[in-house]
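Trainee: So the protein lines, in turn, are chains S and F. Last residue of the first sequence: 253 (our numbering), numbering continuous. Last residue of the second sequence: 366 (our numbering), numbering continuous.
Think of the hints as simulated: they come from the structure by calculation, not from any bench. Virtual Cβ for every residue (Gly too), placed ideally from N, Cα, C. Careful, some of the hints might be misleading.
Label-pair restraints from in silico Cβ distances [to be verified]:
#, chain 1, residue 1, chain 2, residue 2, range
1, S, Arg59, F, Pro330, 42 to 52 Å
2, F, Ser257, S, Glu245, 49 to 59 Å
3, F, Ala266, S, Asp223, 48 to 58 Å
4, S, Thr246, F, Ser257, 51 to 61 Å
5, S, Leu102, F, Ser347, 16 to 26 Å
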Amino acid sequence: MPLVRADLHNHSCLSPCGSLDLSPAVLARRARDRGLDLVALTDHNSARNAPAFRACCRREGLAALYGVEATSAEEAHVLALFATVEESLAFSEFLQGHLPRLPYDPRLLGDQAVVDAEDNVLDLPVLYLGAALDLGWDELCLEADSRGALVIPAHIDRLAFGALAQLGFLPEGPYAAVEALHPQVRGEARGYPVISGSDAHHPEHVGRRPFVLELPEDWRSGDGTVRLEALREALAAGRARPYWETLPPSNGR
Amino acid sequence: MKTSDLPAAIPCAPVYDGWASKEIRGGYTSDLLSDVMSKAGEGYALITIQAHKNTVAVASMLGLAAVILCNDRPVPPDMVEAARAEGIPLFSTSETQFEVSGRLWAALRGDAP
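Chain F extracted, bound-state conformation:
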C-alpha cells in the first residue's frame, strides 16, 4: 500500500498537494510525540490529533510515510508549511483515531474494509 492509496482506504483528504508517494509499512497511533519518537518507524503512517509543526519534525526524523490528522483538527499554517518543506504528506479526516487505525490495519493486512 502506498501513501497515494490512503484516501481509498480511509475517508481522508490530503491537506496539500505535491508530495511524493511512499510505501506504507505500518502504522502508529499516539498523541504524545515523545512516545511516537520511541515507537514509530520508517515508512509508518502516524494517526494522531497532535496538529503541531513538531509532528512534522518527528515525522521527518523517523521517515514516516504519512501523518493522518483525525477529528477534523484544524491544521496550523506553519505545520502545512513545514510539511511541504520536508515532503511529509498530511491527511485530514473527520474520523477518530480508533476508526482510522482499524481501517489502516485492515487495509495493510489486505482485508476488505
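This is chain S alone, in the form it adopts within the complex:
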C-alpha cells in the first residue's frame, strides 16, 4: 500500500495572519519541493482561495483537499476538509453568515487576499476572517460532519486556540483524527487517531510537520479527487504516523 506524505493544515494569503507571500501557487510549489503528496488548504473561516489552490495543485501534480480552519464560539480551532472545491465553498459561504461584524483594519490585523493561480488579487474581503463564529464547538463539528467533511480538531495541545486549553479537555465528536504539536498529547487525544500538521502561515513553514499515511492503491478516484472514505478508514485503522514518529532515531535526547 502506498505511503502518502500528507499535510492537512496550511494557510494562504487569505488568512489575515498568513503571509501575503504564501499564495496558493507558492504553497503548492513548496509542497511539491518538500516531497508532499497530499496537501490541504485551510484558511481561517473561508475557502475562497480553494479554486486557485485546485489549479495550482493540478499544475504541480499534487493531490488536494479543500477546507477551512474554523473558529468555534469557544475560540477553539477545527479543520473541516472536503474532497471538492464546491463543497468547501458551500461550507465557507455558510460560515460567513456566522461571522461577527467586527471593525477590521488590514493595517493592524493583516491582509486577506483572494487570488487566482497566477497570484493576481481578485478580492479583499472586508469581513474579518480571524474572528470567532457564533457556532459552538459541537454544533460546528456536527455541521461540518453532516456535509461530509473530515473533521479534525487543530493543534489540540496549543495554548492559544487549541481545544484542550479552551475547553479543558477534548469533547467527544465526529473526528476523523486530531492534530497535535507534541507526542506528549497521548491520552488527551482520547483514542482519536493523532496526526501532525504544518499550520503553515509563511512559505518557509510549508512541509515542516507532515504526517505519513498508509492508503489503499485507489485512494484517488479516476478524476484525481481524493476519496475521503479511504482517508477516514486509514486513519481509523491507525495507519497514520505523525512527523515525530517518522524522524530518524534520537539525536542524543
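We have chain S; now place chain F onto it with these hints.
Mentor: Just chain F now, with coordinates in the frame of chain S:
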C-alpha cells in the same frame, strides 16, 4: 454567602431550578477551561462566557459552587442538561465578567454593592 444569595448581589437569574445551595468561598474569572482547572477551587463561583458543557464537567470535578455566564451568552441545552445531572447551579447575566467579578468580590468581603 450562599449560591442562593447570588441574585441579590448580582443582577443574574438561575438558568434552571432545583439545585442545592452551597457556600461560596471565592471566585475565579476566566474563559479558558484549562486555566480554570488549574486555578479555581472547591466552593468557588466561576465567572465566564465559556458556555459549553465542558464547563459543567470542570465545575463538577472542582466542586464549584456556581457558574455565572456573562454577556447573555446563549446556554446550549446539553449544557443545562449536564448541569442538572451534576447539580451545578448555572446563572445567566447581561453584565460583563468585569462587572460581575467586582460585585462578587465586594459581596464576599461584606462591602455594600
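Trainee: Evaluate each hint against the coordinates.
Mentor: Consistency of the hints with the structure:
Distance hint check for Arg59/S and Pro330/F: the Cβ-Cβ separation is about 48 Å, which falls inside the suggested range of 42 to 52 Å. The hinted window of 49 to 59 Å between Ser257/F and Glu245/S holds, with their beta carbons roughly 54 Å apart. Checking the proposed 48 to 58 Å range against Ala266/F and Asp223/S shows it holds: the Cβ atoms sit about 56 Å from each other. A hinted range of 51 to 61 Å holds for the C-beta pair Thr246/S and Ser257/F, which are about 57 Å apart.
For Leu102/S and Ser347/F, the Cβ-Cβ distance of about 20 Å falls inside the hinted range of 16 to 26 Å, so the restraint holds.
This entry satisfies every hint, going by the numbered hints stated previously.
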